[in-house]
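Trainee: Quick mapping for you: the protein sequence lines, in order, are chains L and P.
Numbering follows the working numbering, in which position 19 of the first sequence is assigned residue number 10; successive positions increment by one, without gaps.
Each number in the working numbering corresponds to the 1-based position in the second sequence with 4 added.
Careful, some of the hints might be misleading.
[What the hints assert, rightly or not] DSBU-like mimics (lysine-lysine), calculated; alpha carbons at most 35 angstroms apart, straight line:
#  : chain 1 : residue 1 : chain 2 : residue 2
1  : P       : 62        : L       : 42
2  : L       : 42        : L       : 18
3  : L       : 35        : P       : 73
4  : L       : 53        : P       : 62
5  : P       : 73        : L       : 62
6  : L       : 35        : L       : 53
7  : L       : 35        : P       : 53
8  : L       : 35        : P       : 62
9  : P       : 53        : L       : 18
10 : L       : 53        : P       : 53
Derived from the structure by calculation, the hints contain no laboratory data.
The structure displayed is predicted, hence computed values, not measured ones.
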Amino acid sequence: NAGVMQNPRHLVRRRGQEARLRCSPMKGHSHVYWYRQLPEEGLKFMVYLQKENIIDESGMPKERFSAEFPKEGPSILRIQQVVRGDSAAYFCASSPRGETTDTQYFGPGTRLTVL
Amino acid sequence: AQSVTQLDSQVPVFEEAPVELRCNYSSSVSVYLFWYVQYPNQGLQLLLKYLSGSTLVKGINGFEAEFNKSQTSFHLRKPSVHISDTAEYFCAVTLIQGAQKLVFGQGTRLTINP
């Protein structure tokens, strides 16, 4: 019974490069959430997706960041032209129905380091 | 908008001592409340959640939390901690109605000393 999978676990990029973070939700879950954890801070919501739809992207920076959850395959968080301030842990969570009573199950995270 | 304040950034305690991690929230509408634990270099794991009913909620690993609506608090407690409880603990809320996004506090680092 695999949990939420994220890869890579660690990603190092130089300034100006692109970062692609992948998230496979738990089996049977079609709702995915991305959160960012900056050093010494709590998690901040970024985006909420269902299959092929962005439901809420109120936490996404307006530029350079995008997310998708295609019909087939994992959800992707893409950061273009990374800057040092993008260095953080990025967590993906999934839930079965997208209801507020649901528990969100978190993956182990991707730790992005921008040199 | 909702906000969550965890009043202590670090809490050191001795093994087998009781512990309380404090959480206060602010919201103009009703919320559900959660406590998550994050072990080093791992993702978050749900400890417990309050949706409705009894204000005392029991979770995994011997933890419990009490919802106090008048004080807008949801403090986490354990009567006797173990070394393995060393971790970061996050309090979070979500709206009862609306988008299911969690709003987290800053976290409390619990350190258990032998």
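Trainee: Work down the list of hints and note, for each, if the structure agrees.
Mentor: Hint by hint, here is what the structure shows:
no.: 1; hint: P:62 - L:42; in the structure: holds (34 angstroms)
no.: 2; hint: L:42 - L:18; in the structure: holds (13 angstroms)
no.: 3; hint: L:35 - P:73; in the structure: holds (24 angstroms)
no.: 4; hint: L:53 - P:62; in the structure: violated (40 angstroms)
no.: 5; hint: P:73 - L:62; in the structure: violated (42 angstroms)
no.: 6; hint: L:35 - L:53; in the structure: holds (15 angstroms)
no.: 7; hint: L:35 - P:53; in the structure: holds (19 angstroms)
no.: 8; hint: L:35 - P:62; in the structure: holds (26 angstroms)
no.: 9; hint: P:53 - L:18; in the structure: holds (22 angstroms)
no.: 10; hint: L:53 - P:53; in the structure: holds (32 angstroms)
Hint violations for this structure: numbers 4 and 5, all remaining hints satisfied.
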